[in-house]
Amino acid sequence: MKRSAGDLIFDVINYSLMIILAVVTLYPFLHVLAVSLNDSIDTIRGGITIFPREFTLANYKEILSSPNIAWATFISIARTVIGTITGIIATSMVAYVISRQDFFARRFVSGLFVVTMYISGGMIPSYMLMRSLHLINTFWVYIFPGLISAFNVIVLRSYIDGLPIDLQESAKLDGANDFIIYARIIMPLCTPVIATLCLFIAVGHWNSWFDTYLYNPFNEKLTTLQFELQKMLTNAQAQMTSSQDIYGFAHSEQAKRISPDSLRMAMTIVATLPILVVYPFVQKYFMQGLILGAVKS
Amino acid sequence: MKSTGVDTSMPMNRNLKRKNIWSTISQQKYLIMMCLPFVIWVIVFAYVPLWGWTMAFQDYRPGLPFSQQEWVGFKYFIELFQDNYFYLVLRNTLAMSLLGLAFGFTLPIVLALLLNEIKNDLFKRTVQTVSYLPHFVSWVVVASLVTEMLSGSGTVNNILLALGIIDKPIQFMAQPQYFWWIVTGADVWKEIGWNSIIFLAAISSINPELYEAATVDGAGRFTKMLHITLPGIMPTVMVILVMTIGNLVNIGFEKQMLLRNPLVKEYADVIDLYILDFGIGGARYALGTAAGMFKSVVSVILLFIANTFSKRFADIRVV
Numbered sequence: 059m060k061r062s063a064g065d066l067i068f069d070v071i072n073y074s075l076m077i078i079l080a081v082v083t084l085y086p087f088l089h090v091l092a093v094s095l096n097d098s099i100d101t102i103r104g105g106i107t108i109f110p111r112e113f114t115l116a117n118y119k120e121i122l123s124s125p126n127i128a129w130a131t132f133i134s135i136a137r138t139v140i141g142t143i144t145g146i147i148a149t150s151m152v153a154y155v156i157s158r159q160d161f162f163a164r165r166f167v168s169g170l171f172v173v174t175m176y177i178s179g180g181m182i183p184s185y186m187l188m189r190s191l192h193l194i195n196t197f198w199v200y201i202f203p204g205l206i207s208a209f210n211v212i213v214l215r216s217y218i219d220g221l222p223i224d225l226q227e228s229a230k231l232d233g234a235n236d237f238i239i240y241a242r243i244i245m246p247l248c249t250p251v252i253a254t255l256c257l258f259i260a261v262g263h264w265n266s267w268f269d270t271y272l273y274n275p276f277n278e279k280l281t282t283l284q285f286e287l288q289k290m291l292t293n294a295q296a297q298m299t300s301s302q303d304i305y306g307f308a309h310s311e312q313a314k315r316i317s318p319d320s321l322r323m324a325m326t327i328v329a330t331l332p333i334l335v336v337y338p339f340v341q342k343y344f345m346q347g348l349i350l351g352a353v354k355s
Numbered sequence: 234m235k236s237t238g239v240d241t242s243m244p245m246n247r248n249l250k251r252k253n254i255w256s257t258i259s260q261q262k263y264l265i266m267m268c269l270p271f272v273i274w275v276i277v278f279a280y281v282p283l284w285g286w287t288m289a290f291q292d293y294r295p296g297l298p299f300s301q302q303e304w305v306g307f308k309y310f311i312e313l314f315q316d317n318y319f320y321l322v323l324r325n326t327l328a329m330s331l332l333g334l335a336f337g338f339t340l341p342i343v344l345a346l347l348l349n350e351i352k353n354d355l356f357k358r359t360v361q362t363v364s365y366l367p368h369f370v371s372w373v374v375v376a377s378l379v380t381e382m383l384s385g386s387g388t389v390n391n392i393l394l395a396l397g398i399i400d401k402p403i404q405f406m407a408q409p410q411y412f413w414w415i416v417t418g419a420d421v422w423k424e425i426g427w428n429s430i431i432f433l434a435a436i437s438s439i440n441p442e443l444y445e446a447a448t449v450d451g452a453g454r455f456t457k458m459l460h461i462t463l464p465g466i467m468p469t470v471m472v473i474l475v476m477t478i479g480n481l482v483n484i485g486f487e488k489q490m491l492l493r494n495p496l497v498k499e500y501a502d503v504i505d506l507y508i509l510d511f512g513i514g515g516a517r518y519a520l521g522t523a524a525g526m527f528k529s530v531v532s533v534i535l536l537f538i539a540n541t542f543s544k545r546f547a548d549i550r551v552v
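Protein chains in written order, with this note's numbering: chain E, 59 to 355; chain G, 234 to 552.
Warning: the hint list may mix true and false statements.
Stated by the list, open to error - Derived contacts from chain E toward chain G, CB cut-off under 10 Å, selection only: (1) Thr107; (2) Phe109; (3) Phe113; (4) Leu231; (5) Thr326.
To be verified - Computed list of lysine-lysine pairs in DSSO-like fashion (alpha-carbon distance at most 27 Å, straight line): (6) E:Lys289 with G:Lys498; (7) G:Lys352 with E:Lys342; (8) E:Lys119 with E:Lys342; (9) G:Lys401 with G:Lys262; (10) G:Lys262 with E:Lys230; (11) G:Lys262 with G:Lys357; (12) E:Lys342 with G:Lys357.
Calculated directly from the structure, the hints in this document are not laboratory data. Yeah, the Cβ is synthetic: ideal placement off N, Cα and C, and Gly gets one too.
Produce the complete structure using the sequences and hints provided.
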């Protein structure tokens, strides 16, 4: 079939737009990577694109040799691992219980969770709650408040609803109790969706910084990587604006020397790296999970 | 005029019922044990904070028991509505959420339509994979990237200088008039690919026979896009639109908080940042809670309006 001229023009424009989108999406990451691998004094000259001009690993060495950052990395990993494990156990138990049509409090329990998707007490009442529960200045403030997301419960429950019910019934006839049915029969069948939810929960934990900012800002033992990056960013902005205020633009180059751009960029890469590395491999699970959620809602 | 039969059967019924409840509970004890801790969890972490709304009507002092707090009625709501800065943050919230509606909502639809027209599968999948990536990166990282790109010697300034559009670098982050656009742009950059997925899914569920019939009738690609694809995804578009409108005041605060600086504060602060700065930072808990309640009430009203609208709309579409 011969294509018309209009078709051809449309294709050219369309493909160009898509290439532009891909470039605009990827360029900032490549640029930041280049700056992070560039000598920090040389970076001040500007003009770096996606290749480092004076290659060095010094920025990474400096960041990773700081005990504070090493500890923040440990806390970030710890909250991601512990938060994901506890989160998925809690989510799956609730999802299984409310998937059971015969459970006497099914409507009550599921209603209790669904309502939380629409209303929340807000920042100050939550802050007060953490204070009265003595969770402020503890590691557990990263784990408990966000333990279960009602949305994840619903995604998992609708997946369980789609499983054949006879499996459960025959297990029951064999004398299995409800916990055994949940752990030995339902969970193994849910592996794909459980994997997806784990990834979502893990990414959420790795990326979160505001709970550290709000609840543990001055506790160096509980700092996280994202929070350390946030502090560097705030410092950089403060320097940018103070130099702007007092000396004008001419001095902002000097201000940069105090907190070299390259260091912040190296930190940005460190805070993103796990996601960049894992993303290509798990991308299809993310998709799968989103489609499950989309179908449900 | 009760008969004795009724009198004797009442306690029997009750006994039977009580027996049933106990037998149900003992039969379902594993289910109860599996959900009870999390029922307690949801009550503590999601419902107890709702009780905290009472703070807005008190001269709240932390540490005092509830019974000793002094009730002051609507004092803090009146103070809130007399605070000029509150109107400023309200303006900023609405401005950024409307810009989000104008671009953050429409551009993913455009992207989905354009992606659908790409016949080369490998190219299509590559573009999709790349465009979803920023969704998984934290706002801290995105803010760091945006600050770097828009700095005085950053890429955007270099490009504009090279093209001769400007003759000296613009300090984008220091100019209040750019802030709303920077936030909107960053949001679109981060979420355009991810938000297009749901529209792509809707497109893939359109009956292919419609396209074949249109081809037979001699319809071109553009005609098909406008008259088959777009109407085909309209129900999905409406659902997302309703959800977006319902969340107009819940635009979040992370991006504003991470990208703001003292120079652009008057254009950057949104309701949540007002609560954070004055309510928690300034220890004005009652005022902050009142602002939070205002936000929740407005969002429930918006959700209600949008929902009514969608029901009516859906009915029209069904008929």
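Right, here's what the structure says about each hint:
At a threshold of 10 Å, the smallest CB-CB gap from Thr107 of chain E to chain G is about 8 Å, leaving the interface hint in force. For Phe109 of chain E, the interface hint is violated, since its Cβ never comes within 10 Å of a Cβ in chain G; the closest pair sits about 14 Å apart. Because the smallest distance between the Cβ of Phe113 of chain E and any Cβ of chain G comes to about 19 Å, over 10 Å, the interface hint for this residue is violated. A cut of 10 Å between beta carbons decides the hint on Leu231 of chain E: the least distance to chain G is about 15 Å, and the hint is violated.
At its closest, the beta carbon of Thr326 of chain E sits 5 Å from a beta carbon of chain G; the interface hint therefore holds under the 10 Å criterion. For the proposed pair Lys289 of chain E and Lys498 of chain G, the alpha carbon gap of about 18 Å is at most 27 Å, so the pair holds. Between the alpha carbons of Lys352 of chain G and Lys342 of chain E the distance comes to roughly 20 Å, so the proposed pair stays at or under 27 Å and holds. A C-alpha spacing of about 34 Å is found between Lys119 of chain E and Lys342 of chain E, which places the hinted pair above 27 Å, so the restraint is violated.
Pair hint Lys401 of chain G plus Lys262 of chain G does not hold up; C-alpha atoms about 73 Å apart against a cutoff of 27 Å. For the hint linking Lys262 of chain G to Lys230 of chain E, the alpha-carbon distance of about 14 Å falls within 27 Å, and the restraint holds. The hinted pair formed by Lys262 of chain G and Lys357 of chain G fails the criterion: a straight-line CA distance of about 51 Å is larger than 27 Å. Restraint check for Lys342 of chain E and Lys357 of chain G: satisfied, since their Cα atoms lie roughly 15 Å apart, inside the 27 Å limit.
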